[in-house]
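Quick note, the sequence shown lines up with residues 1 to 200 if you use full-length UniProt numbering.
Any given hint might turn out to be false.
With a straight-line Cα cutoff of 25 angstroms, these simulated DMTMM-like cross-link-like pairs (lysine to aspartate or glutamate) come out [as the list claims (entries may be wrong)]:
1) 73 with 60
2) 9 with 36
3) 142 with 165
4) 108 with 133
5) 142 with 118
6) 169 with 94
7) 125 with 162
8) 169 with 155
9) 160 with 134
10) 108 with 22
11) 160 with 199
12) 169 with 118
13) 169 with 134
14) 108 with 134
15) 73 with 36
16) 73 with 19
17) 108 with 165
18) 9 with 40
19) 160 with 133
20) 123 with 134
21) 108 with 94
22) 169 with 133
23) 160 with 86
24) 108 with 155
25) 125 with 155
26) 160 with 118
27) 73 with 22
28) 73 with 118
29) 73 with 42
30) 9 with 24
It should be emphasised that the hints constitute simulated quantities derived from the structure, not laboratory data.
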Amino acid sequence: MVRQGGQEKPQRSCLGCRETRDRDRLIRFVLSPQGEVLPDLDARLPGRGAYTCASSRCLEAAIRQRLFNRAFKREVSAMQPQAMTEMVARLMRERILGYLGLANRAGKIVSGSSLVCDAVRGKIKPGLVLVAEDVSGSIGEKVVSLSTVHGIPCERVLTKEEFGDILGKAPRSAVAVRQGGFIARLVTEIQRLRNFLGEV
Numbered sequence: 001m002v003r004q005g006g007q008e009k010p011q012r013s014c015l016g017c018r019e020t021r022d023r024d025r026l027i028r029f030v031l032s033p034q035g036e037v038l039p040d041l042d043a044r045l046p047g048r049g050a051y052t053c054a055s056s057r058c059l060e061a062a063i064r065q066r067l068f069n070r071a072f073k074r075e076v077s078a079m080q081p082q083a084m085t086e087m088v089a090r091l092m093r094e095r096i097l098g099y100l101g102l103a104n105r106a107g108k109i110v111s112g113s114s115l116v117c118d119a120v121r122g123k124i125k126p127g128l129v130l131v132a133e134d135v136s137g138s139i140g141e142k143v144v145s146l147s148t149v150h151g152i153p154c155e156r157v158l159t160k161e162e163f164g165d166i167l168g169k170a171p172r173s174a175v176a177v178r179q180g181g182f183i184a185r186l187v188t189e190i191q192r193l194r195n196f197l198g199e200v
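Based on the sequences and whatever the hints tell you, model everything.
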């Protein structure tokens, strides 16, 4: 373990690359009663855990080399690498959507490219702007450029449909999150997804 701020932070080794990292930076996996390897992104499921970096490469290596067998000290059943990485990515996206839903219920969300641009230009600026991955080029570039000019962090993530669904509205090209406690969590989850997909 390592100490930070006087407290010990538990560490674990990644099955894929063998690097030792803080446990909360890794992805935890557990076994179902049927012996299936399942991702436990919240790290709350009971039982012994095995870990990989938040990287699809490390996860794929762990599956191909049958390293979950070694970690759990028994024969286990694991999905094919592509299926498992798709499942983990989907769960990560769901976590981002979950935090957006919480922010929306707290009245912290502005949605739609026009309203987002107005919020960015406004006196009280949002803390984060999200642009849908499938937005048209001109709209996306306008929102990203305006956010950059005003010094507001901007990420391309999720889809217009996903934004609309979680907000209970029609598809949305962009979302702005007002300043508050949701910003740090959202940024962490988005970066984790991008790291996993190898985008950074």
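- Item | Unmet hints by their number, sorted upward, for this structure | 2, 10, 20 and 28
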